[in-house]
Amino acid sequence: MSTLKLIYFAWVRERVGKAEEDVAPPANVATVAELMAWLARRGDEYAHAFENPKVIRAAIDRNHVRADTAIKGAREIAFFPPMTGG
Amino acid sequence: MSTLKLIYFAWVRERVGKAEEDVAPPANVATVAELMAWLARRGDEYAHAFENPKVIRAAIDRNHVRADTAIKGAREIAFFPPMTGG
Amino acid sequence: MSNTVRLQAGEFDAAAEAALLTRGRTDIGAVVTFTGICRGAESGEPIAALTLEHYPGMAEAEIARHVEEANARWPLLGVTVIHRHGRIEPGENIVLVVTASSHREAAFAAAEFLMDYLKTRAPFWKQVESAAGKNWVDAKSNDDAAAERWTKPSGREAAE
Amino acid sequence: MSNTVRLQAGEFDAAAEAALLTRGRTDIGAVVTFTGICRGAESGEPIAALTLEHYPGMAEAEIARHVEEANARWPLLGVTVIHRHGRIEPGENIVLVVTASSHREAAFAAAEFLMDYLKTRAPFWKQVESAAGKNWVDAKSNDDAAAERWTKPSGREAAE
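Chain order of the listed sequences is A, B, C and D.
First residue of the first sequence? That's 28 in my numbering, and the numbers climb one at a time after it.
First residue of the second sequence? That's 28 in my numbering, and the numbers climb one at a time after it.
First residue of the third sequence? That's 3 in my numbering, and the numbers climb one at a time after it.
First residue of the fourth sequence? That's 3 in my numbering, and the numbers climb one at a time after it.
Just to be clear, a hint being listed does not mean it is correct.
As the list claims (entries may be wrong) - Estimated spans, in silico, between C-beta atoms of each pair:
#, chain 1, residue 1, chain 2, residue 2, range
1, C, S4, A, E48, 49 to 59 Å
2, D, D146, C, L22, 32 to 42 Å
3, B, W65, D, E150, 54 to 64 Å
4, B, V82, C, R67, 15 to 25 Å
5, B, A54, C, R67, 30 to 40 Å
6, D, D146, A, K99, 26 to 36 Å
Said to hold, decoys possible - In silico lysine-lysine, DSS-like type, Cα no more than 27 Å apart, as pairs:
#, chain 1, residue 1, chain 2, residue 2
7, A, K99, A, K32
8, B, K99, B, K81
9, B, K32, B, K45
10, A, K32, A, K45
11, A, K45, D, K136
12, D, K142, A, K81
13, B, K81, C, K136
14, B, K45, C, K136
15, B, K32, B, K99
16, C, K142, B, K81
No lab work stands behind these hints: they were computed from the structure.
Even glycine gets a Cβ: it sits at the ideal position worked out from N, Cα and C.
Start from the sequences and build out the full structure, keeping to the hints where you can.
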């Protein structure tokens, strides 16, 4: 898999400890949910950020997606808590 | 029956030809509907104004009332078409 | 809570009225403003003006009753209703409803409630002035239907 | 039709934005303005400020998509959405939605639709600053329920 830009917002960003990073997940990481599971194994801060993946929302290339969405072809994936704008 | 002030609005006023008047209907005129029927017999302009009493709305002392409401005790009764404010 | 009901012949400043409701307060989280404006055409026919006739003693009292009812139904922090009468030309304002609350649901619902009632129960009558002469505007059955929804337990309120 | 979507750190003038939508036009009969304001307390606890984080590339696109959808659903004559980000103190504005149409039903429905979506789908996150420190605001399930009603054939739209 080629390089993927990840962006984190709100408390996901705070727990991970960075706003964005480039990653290269292995080929068997095929969906958003699998990407979260892979990230959670990268260290304590990631484990904390992704401890409850059901509450985390994702966007691929700036469009909301569900956790079962394939990440193939994605350039930018963002993870964040449920939105509280307005 | 004592004297009653009648007020007309919009096309009811235009058809009757006056904005208000004092009337003294006979004692057997007990409801708003009976008052309209009595008025309709007072001349051509009234017959025209009240030719279709179902579309005419009424207020007694500045409160909306139905056609079967008793007029006893009323000081001011207004007749008008359905409202078109707002 | 600040409630204002005003009938007037002259124009109003919707922005200034909304600002008055919120000035110096930090309990208001949502303000909804509805402005009704005289359109330049009715059913495709150009119009020169609207003339609004009203029942002077009753109109103000009737609107005030509905403002009271809105306050009883929703947790409002302020309501302003201004309704003009007399001759109004295209582009001019006709009616203003401003509702303020902690949250948007109450502010939206109360503004719609008040507008539905103003359309069907407030004693005002519109006359259109056009090339065809002067004609009284017919009441719209969809306005009656809109007002009707507030008297039933089902419908919008049940969904909120 | 004039559609404006703007994200900005600074304050906005709700009245000026609404005036811009209607200036010089006589086809607009109804303007609904929603202003969301920072309250001085959350759940009874005084707050010092809100900080709104957003997803710069996505937020504007996401709002623009919803404005397009509102235009597809209702006969609108103009829409303005402004959403602030950064630090916002009690009494300051957070968000503005202005909708203009010939008739009030479309203007009200579109404004509510846009607010429901901004609350649940636009990528913004509120952090509360208070004596207890800084805390991210939890999403509200009633906001999700409010947004949900626009995806079902029953509910408000069916009543109109």
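Quick rundown of the hints versus the structure:
1. S4(C) / E48(A): 49 to 59 Å: Holds: the Cβ-Cβ distance is about 52 Å, inside 49 to 59 Å.
2. D146(D) / L22(C): 32 to 42 Å: 34 Å, holds
3. W65(B) / E150(D): 54 to 64 Å: 56 Å, holds
4. V82(B) / R67(C): 15 to 25 Å: The hinted range 15 to 25 Å holds for V82(B) and R67(C), with Cβ atoms some 24 Å apart.
5. A54(B) / R67(C): 30 to 40 Å: 32 Å, holds
6. D146(D) / K99(A): 26 to 36 Å: 29 Å, holds
7. K99(A) / K32(A): Holds, at roughly 13 Å.
8. K99(B) / K81(B): 21 Å, holds
9. K32(B) / K45(B): The given pair, whose Cα atoms are some 12 Å apart, holds under the 27 Å limit.
10. K32(A) / K45(A): 12 Å, holds
11. K45(A) / K136(D): The given pair, whose Cα atoms are some 18 Å apart, holds under the 27 Å limit.
12. K142(D) / K81(A): Given that 27 Å is the threshold and the Cα spacing comes to 16 Å, the pair holds.
13. K81(B) / K136(C): Between K81(B) and K136(C) the Cα gap is close to 24 Å, so the pair holds against 27 Å.
14. K45(B) / K136(C): The hint holds at about 18 Å.
15. K32(B) / K99(B): Cα-Cα ~13 Å, so holds.
16. K142(C) / K81(B): 16 Å, holds
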